[in-house]
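**Q** Just so you know, the protein sequences line up as chains E and W, in that order. The first sequence begins at 1212 in my numbering and counts up one residue at a time. The second sequence begins at 38 in my numbering and counts up one residue at a time.
In short, the hints are calculated from the structure, not lab data. Note that this is a predicted model, so its numbers are computed, not measured. Backbone N, C-alpha and C fix where the C-beta goes; we use that ideal spot for every residue, glycine too. Hints should not be assumed to be uniformly reliable.
[To be verified] Here's a subset of chain W near chain E, in silico, CB distances under 7 angstroms, partners left out:
#1 R76
#2 D106
#3 I111
#4 G199
#5 I249
#6 G401
[To be verified] To spell it out: a stretch of chain E is covered by chain W in this simulated footprint if at least three of its residues, at any positions, have a beta carbon under 8 angstroms from a beta carbon of chain W; those stretches are:
#7 1237 to 1248
#8 1262 to 1273
#9 1301 to 1309
#10 1319 to 1330
#11 1350 to 1364
[Claimed, not checked] No farther apart than 20 angstroms at their CA atoms in a straight line, the calculated lysine to aspartate or glutamate pairs in the EDC-like style are these:
#12 K112(W) to D1369(E)
#13 K140(W) to E1374(E)
#14 K112(W) to E1374(E)
#15 K133(W) to E1241(E)
#16 K1370(E) to D396(W)
#17 K1370(E) to D108(W)
#18 K371(W) to D396(W)
#19 K1220(E) to D1369(E)
#20 K109(W) to E1339(E)
#21 K147(W) to E1241(E)
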Amino acid sequence: MIITGRVWKFGNDINTDLIFPHAAFRVPPEEQIKLVFSDNRPGWAKQVQAGDILVAGRNFGTGSSRPGAVLLKRLGIGCLVANSINGLFFRNCISYGFPSLQCPNVFDAFEEGDIAIIDLLAGSVTNERTGQMLYGSALSESMVDTLKAGGIDELLRDKGYLE
Amino acid sequence: MAINILDGNQQDACRLPMKGEKAMGMTMAEKILAAHAGRELVKPGDILTCKVDWAANHDMFFTVGGQTDFDKVIKIANPDRCIIFLDHAVPAPTTKDAEGGIKARRFAKKHGITKMFDVGDHGVIHQMLAERGFALPGKLIACGDSHTCAAGALNSAARGFGPADMLYTWCTGENWYQVAPTILYELTGALPEMVDGKDLFLYIAGVYGDAINKNVEFGGEGVANLSISQRQSVATMCAEINAEFAIFPCDEKLLDYIRDRAVEEFTPVAPDSDAHYHEIRKIDLSRLVPYVALPHFIPDNCQPVTAVEGMPVQQVLLGSCSNGRLEDLAVAAKILQGKKVASGVRMIVTPASQRVYLDALRAGYLETLVEAGAVVTNATCGACYGGHLGLIGSGERCLSTTTRNFKGRLGTPDSEVMLAAPATVAATALTGKITDPRNVQ
């Protein structure tokens, strides 16, 4: 599974309250996505184009169980690549069918606007501008299968647990 | 699923035994995961499918739109193992929350979930899992809230899942886990007067930072000197250092706590004497002091209270799954007995459950706190998650015993949340400025 897209950069310890603000709890899904990063980067959600990629520092997604991954996916983000990802958030990414990869040092390898090429099964991230290629923690085939299916809900539907 | 989320360094630290080398023993987390996966031996990096003992969700699972397809569920694996606790927004502060409550009750009825703790018999989910005897030694618990590691104080392996993983667990009765490397905190000594479990955690977070993709365990003779409530405070807060599991051993104190609560049989786990730890860190409890977490993050961002003394606050908050238990309210009541909360300061007290509320009422703690000028609220996650009952406005600072101090956590983005133990919060309520509780007569 190879993903290519334009890079937006976010720093270390980006928390779930920033990704999925409390204000998004009580509004419809189409309104929720407008609130992503509204506290730390107002207006950003409007600038996102389908297929864009998030490159972040360490500990992305620290915080609560609210699934920021699903908002990023609905917003059109094609993939998250971070130096490290909070364990609960990483589970949310895979379970909601939002591609993500942990890749040490990836933050320093990109400038905003660069094009990233990500191979999830190989665990590699390439900067098209510099040609630099980094290796992170490759996803397993079953994780990629979950991503391709669109997330756990789709797997449950296939198994007859959901309508 | 075969999943590998470990980076190169971690894989090296938890390598397989070489040929002829003795297989290493297991940590507590490894033992509980192995038992629930039907395996003799597991090691860091292993992917396991585990049967879960309890799968619990709170009201936000039903209230927040677009997270799950729970209303499309045809069947769930084991209704007797599913629990619903209403805690975040109860009694409903908005009609949206009221609708969430309706959906939760409808779901429970449709699927035969009888363990539902509704308004009037409620409390914060982590407190309720412990208080009502679900969190027990050796159990594996999945719960749709990040502070689920709280149950590790009771020798359980518990961790938070998002709504999709919780739905999967409810439907199938199991989920996948990857065994993480474990950090051991070996404790000696006993905490000094006015120093609490929360201070132990803030010390750990401040000195050692986070534990991303790792488990945390506690051991050593010092554990016996921590109350169960203090252990719950520490284990709860380990979500803030991103620990996967945070587990305390089982001892007589824990067995005493569990005796009249346990809803079923249980099997305590202890680490093997040759358990392999990623790192062992020793802490002498007797050397600790009161700590404060500075805004807007906890790891690597905590200071002894003496470093920030004198900073003015507009609100103090005592409560949450971390510090809303009887012991916490007792500490505050002792400090505020016969005294008044400083002019210009609002003190909010939120018991962790209805039972804590009632016990504190009977013990006279609530009377003492209200006489001092505090507002006692209903038992709820309330202000802690930024929902209701005690939010702060622009430019305000709150010193809180709650779990999280993210920017805007308790209110507007230009407000500040600092975290501390109940004694520090109570002492600060008296002066209106961050105050070392050891200096309060």
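**Q** All the hints need checking, so say for each whether the structure fits it.
**A** Hint by hint, here is what the structure shows:
no.: 1; hint: R76; verdict: 19 angstroms, violated
no.: 2; hint: D106; verdict: 5 angstroms, holds
no.: 3; hint: I111; verdict: 6 angstroms, holds
no.: 4; hint: G199; verdict: 4 angstroms, holds
no.: 5; hint: I249; verdict: 5 angstroms, holds
no.: 6; hint: G401; verdict: 35 angstroms, violated
no.: 7; hint: 1237 to 1248; verdict: holds (count 5)
no.: 8; hint: 1262 to 1273; verdict: holds (count 3)
no.: 9; hint: 1301 to 1309; verdict: holds (count 6)
no.: 10; hint: 1319 to 1330; verdict: violated (count 0)
no.: 11; hint: 1350 to 1364; verdict: holds (count 9)
no.: 12; hint: K112(W) to D1369(E); verdict: 13 angstroms, holds
no.: 13; hint: K140(W) to E1374(E); verdict: 17 angstroms, holds
no.: 14; hint: K112(W) to E1374(E); verdict: 10 angstroms, holds
no.: 15; hint: K133(W) to E1241(E); verdict: 16 angstroms, holds
no.: 16; hint: K1370(E) to D396(W); verdict: 47 angstroms, violated
no.: 17; hint: K1370(E) to D108(W); verdict: 16 angstroms, holds
no.: 18; hint: K371(W) to D396(W); verdict: 16 angstroms, holds
no.: 19; hint: K1220(E) to D1369(E); verdict: 36 angstroms, violated
no.: 20; hint: K109(W) to E1339(E); verdict: 43 angstroms, violated
no.: 21; hint: K147(W) to E1241(E); verdict: 29 angstroms, violated
Of the numbered hints stated above, those contradicted by the structure are hints 1, 6, 10, 16, 19, 20, 21, listed in ascending order.
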